[in-house]
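On the provided structure of chain A, position chain B as indicated by the hints.
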Amino acid sequence: MAPKAFGIVSSADSSIYVEGLHDYRPIGSFSFLGRFRVIDFPISNMSNSDINRIQVYVRSRPRSIAEHVGSGRHYNINSKRGKIQLLFSENSSTRSIYNTDISAFLENIDIIQRMHQDYVIIAPSYMVYKQDYRQVLDAHIASGADVTLLYQKVDNAREYFRGCKILNMNKQKGIESLEKNLGTAKEKNVFMDTYCMSKEVFINLIKEAAWESSIYTLADIVNIKCKEMDIRGFQHRGYFAALTSLNDYYNASLELLDYNIASDLFRAEWPIYTRTTDSCPTKYLDTSKVTNSFVSNGCVIEGTVENSIIGRGVTIKKGAVVRNSIIMAYAQIEEGIRVENAVVDKWAKIIHAQNVHGESGRPQYIRRMDTL
Amino acid sequence: MAQVEMLAMILAGGRGSRLKDLTTKVAKPAVFYGGKYRIIDFPLSNCANSGINVIGVLTQYESVLLNSYVAQDGRWGLDSKDSGVYVLTPREKADEGLDVYRGTADAISQNIDFIDNYNPEYLLILSGDHIYKMNYEKMLAYHKEMGADATIAVRPVPMKEASRFGIMNTDGKGKIVEFEEKPAKPKSNLASMGIYIFNWKNLRKMLVADMNNPDSDHDFGKNIIPRMLGEGKKLVAYEFSGYWKDVGTIDSLWEANMDLLDPKNELNLNDSSWLIYTEDVSTLPQYIGKDAKVKHAYITQGVRVEGQVTNSVLFTGAVVAPGAKVTDSVLMPGVVVEEGAVVTRALVAENVRIGAKAKVGQRNSENILLVAKNVKGGNK
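Chains as they are written, first to last, in my numbering: chain A, 152 to 523; chain B, 3 to 382.
Keep in mind the hints are simulated off the structure, nothing from the lab.
Where hints are given, some of them may not hold.
Example chain A residues on the side facing chain B (calculated, C-beta under 8 Å, incomplete) [to be verified]:
1) Gly185
2) Pro422
3) Ile423
4) Ser430
5) Thr433
6) Asp437
7) Thr442
8) Gly449
Each computed DSS-like pair below joins lysine-lysine, with the alpha-carbon atoms no more than 27 Å apart [to be verified]:
9) Lys236/B - Lys207/B
10) Lys440/A - Lys361/B
11) Lys468/A - Lys327/B
12) Lys469/A - Lys327/B
13) Lys359/B - Lys375/B
14) Lys292/B - Lys440/A
15) Lys497/A - Lys297/B
16) Lys235/B - Lys177/B
17) Lys266/B - Lys295/B
18) Lys155/A - Lys231/A
19) Lys469/A - Lys295/B
20) Lys295/B - Lys359/B
21) Lys292/B - Lys469/A
22) Lys440/A - Lys327/B
23) Lys375/B - Lys22/B
24) Lys177/B - Lys189/B
25) Lys500/A - Lys469/A
26) Lys187/B - Lys162/B
27) Lys500/A - Lys266/B
28) Lys297/B - Lys468/A
29) Lys292/B - Lys281/A
30) Lys440/A - Lys295/B
31) Lys440/A - Lys359/B
32) Lys468/A - Lys266/B
33) Lys297/B - Lys440/A
34) Lys203/B - Lys177/B
35) Lys469/A - Lys266/B
36) Lys295/B - Lys468/A
37) Lys83/B - Lys234/A
38) Lys297/B - Lys469/A
39) Lys468/A - Lys292/B
40) Lys231/A - Lys83/B
Please read all numbers here as calculations on a predicted model, not as lab measurements.
Virtual Cβ for every residue (Gly too), placed ideally from N, Cα, C.
Next up, chain A with everything else stripped away, as it sits in the complex (with noise of 0.2 Å):
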């Protein structure tokens, strides 16, 4: 069946900032899980979906994001049929407030009104879940709402979910306000940034948006339009993370370590895709001693791992030590020494200092291609 949606791909709000990771590349391009990066969760989700035409928008540095998604076959998208374009918004800085989804959505609308479907899915690049997108669509449709958003309802919005906004909703399901999460409460319902709406309505949103305010962002048109239009929610189930700061990414991903957990964010019928790297399996040493612990190919492992996250291609010595860590591709972990509680950053190398420690659930962060 032709495909009724077109996909985008937008990036995270200007207003989020992620230490240390978020100063080499932006959240989409993120490491997560040792194998993938977040943004092949929203791509994966879209193809799955069948939809295989995708606009990915790049707000910053866009090399990383670029080499990553290229062509975007390794997505298992159609090369005749389908396409991803990288768009990227040219004309406001990085962090400008001018510098929204919806002037980079301006900045193509004439990309947008030629598509040929009818519908649109808009997903971000910083949220990591499993979604069918037909599912969403078919509701949408069936309800005859104007737009429908994906939400997930959480019970720890005090501690999480800090940087994303939630949904007022009526017992329909009507949405009646988006606001920002302020932790006020434990149980909200934690809006996924995620949209679904036909392309005439979303031309027509970008466009009002657009001329109310040049610094309104499509959820605050879609807050300010709760009144007149019909909003809906669908409620999403299952893992869901939003990595809105360092402390979210680090949980988000231990949280993982649940073999569960994991295996029910991917399923053999719902593959998540990536760029390979061609890198050969990992090799485990006599002195190896590996727990609870997700390792990527191209290691080679002497030391003591435990509940932690280990990247492509990483070597962690004899008589190493590491605990609740993220270690990322390519990083040096010298002989005898101790992390804990740590992110680790691509090529970074552990030589000289003994010790690195972060506090349980807040890591410390140790930068790309750092020698310590």
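Quick look at chain B alone, frame taken from chain A:
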């Protein structure tokens, strides 16, 4: 079609019957190796890394899986405009009817039309079932430098084993003076690796003549090479010294996998300048569980270990359940070792299930046990 300087033809028709149940449904080149690869990934990746863009793969025995596997040429980066991996199976021809490939040379002869399309200067002949990394570009440079009619890659083998191989006797300057197939009293220890570079125009003439010769076995080693020597052609030996393995038996396939755990192993699969490419599978990274013990092991993505793994190689998606013990073994893709089962000195074929508490293999067994069928759970 654009002319290519050197075209490669990979002989991948062999059954590999000594690999027993592993090759009843797939040809030997498609057999799994090294945690995530199939054997044919090696010659194909070597070609890709050597800048060879057009490759014919000659298949015959149980070729359905192999044909569909190699046809996905993007896996080896061989999908750019002038590149391609082409599956060449025996076919019915207008004037002759269907003919199987009668020998290694005949497989090439029957595809002269394919080769002519690319009008190559040189033809590289490879075997689809050897594990090694080699730069064929360097071999071609040597071939040109020596002004040879044919160049044969050789490697030194221990003298006492030389009578098991096809041995090249050289004049000390690299020129081959004699070829002996499995000589009782070998005069040299340079064994042919089944890798040849020929000047295509000349080889083409010889193949046309060979096709119509009723006395020929249509084999490179038995017929073409001796005939070239007899005609006084210049054949040179190109010496190769790296890791090379022809995995003919279950024991040698197991051993080749175990070589990857040897600290002195010469086959580095982690060299970013010469990667071996293979099928890309979407899985989780490998997960090592809370009570797992993993020592001296080679493990790839998608594997889940909850039990004990020692001195073993685990392929994509293999599962070792809590309390299970896997020692000195190779678990191919999708193998499940259920709770409390013990696997020792075994090679377990794709998707086989070893039932809970079952015991397979023995610590001091003379040969490696091949487990190709599901094993029921044990009672102990």
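Quiz item: Given the hinted pair Lys469/A and Lys295/B, is their alpha-carbon gap at most 27 Å?
Solution: The hint holds at about 16 Å.
Against the 27 Å threshold, does the CA-CA distance of Lys468/A and Lys327/B hold or violate the hint?
Between Lys468/A and Lys327/B the Cα gap is close to 25 Å, so the pair holds against 27 Å.
Next on the checklist: So if I understand the rule, the pair passes when the alpha-carbon distance is 27 Å or less; does Lys297/B with Lys468/A pass?
Outcome noted: Judged against 27 Å, a Cα distance of about 14 Å means the pair holds.
Proposed interface contact between Ser430/A and chain B, which counts if any beta carbon pair is under 8 Å: Holds, because the Cβ-Cβ distance from Ser430/A to chain B comes to roughly 7 Å (cut-off 8 Å).
**Request:** With a cut-off of 27 Å on the C-alpha distance, tell me whether Lys236/B and Lys207/B pass.
**Result:** holds, 16 Å
Practice problem: For the pair supplied as a hint, Lys468/A and Lys292/B, confirm whether the alpha-carbon distance does not exceed 27 Å. | Solution: holds, 21 Å
Next item on the list: Using Cβ atoms only, decide whether Gly449/A comes closer than 8 Å to chain B, and label the hint accordingly.
Entry: Given a least distance of 6 Å, the restraint on Gly449/A holds.
Review point. Do the numbers back the hint for Asp437/A, that is, is its least Cβ distance to chain B under 8 Å?
Key: holds, 5 Å
Notebook entry, point to check: When the nearest CB of chain B is found for Thr442/A, is that gap smaller than 8 Å?
Noted result: Interface hint status for Thr442/A: holds (6 Å vs cutoff 8 Å).
Open item on the list: Run the distance test for Lys440/A versus Lys295/B: straight-line Cα separation, threshold 27 Å.
Closed with: Roughly 7 Å between the alpha carbons, so the hint for Lys440/A and Lys295/B holds.
- request: Take a quick look at whether Lys468/A and Lys266/B sit within 27 Å of each other, Cα to Cα.
  value: holds, 18 Å
Satisfaction of hint between Lys281/A and Lys292/B, Cα-Cα up to 27 Å | Measuring from Cα to Cα gives roughly 26 Å; hence the hint holds.
Of the numbered hints listed earlier, not one is contradicted by the structure.
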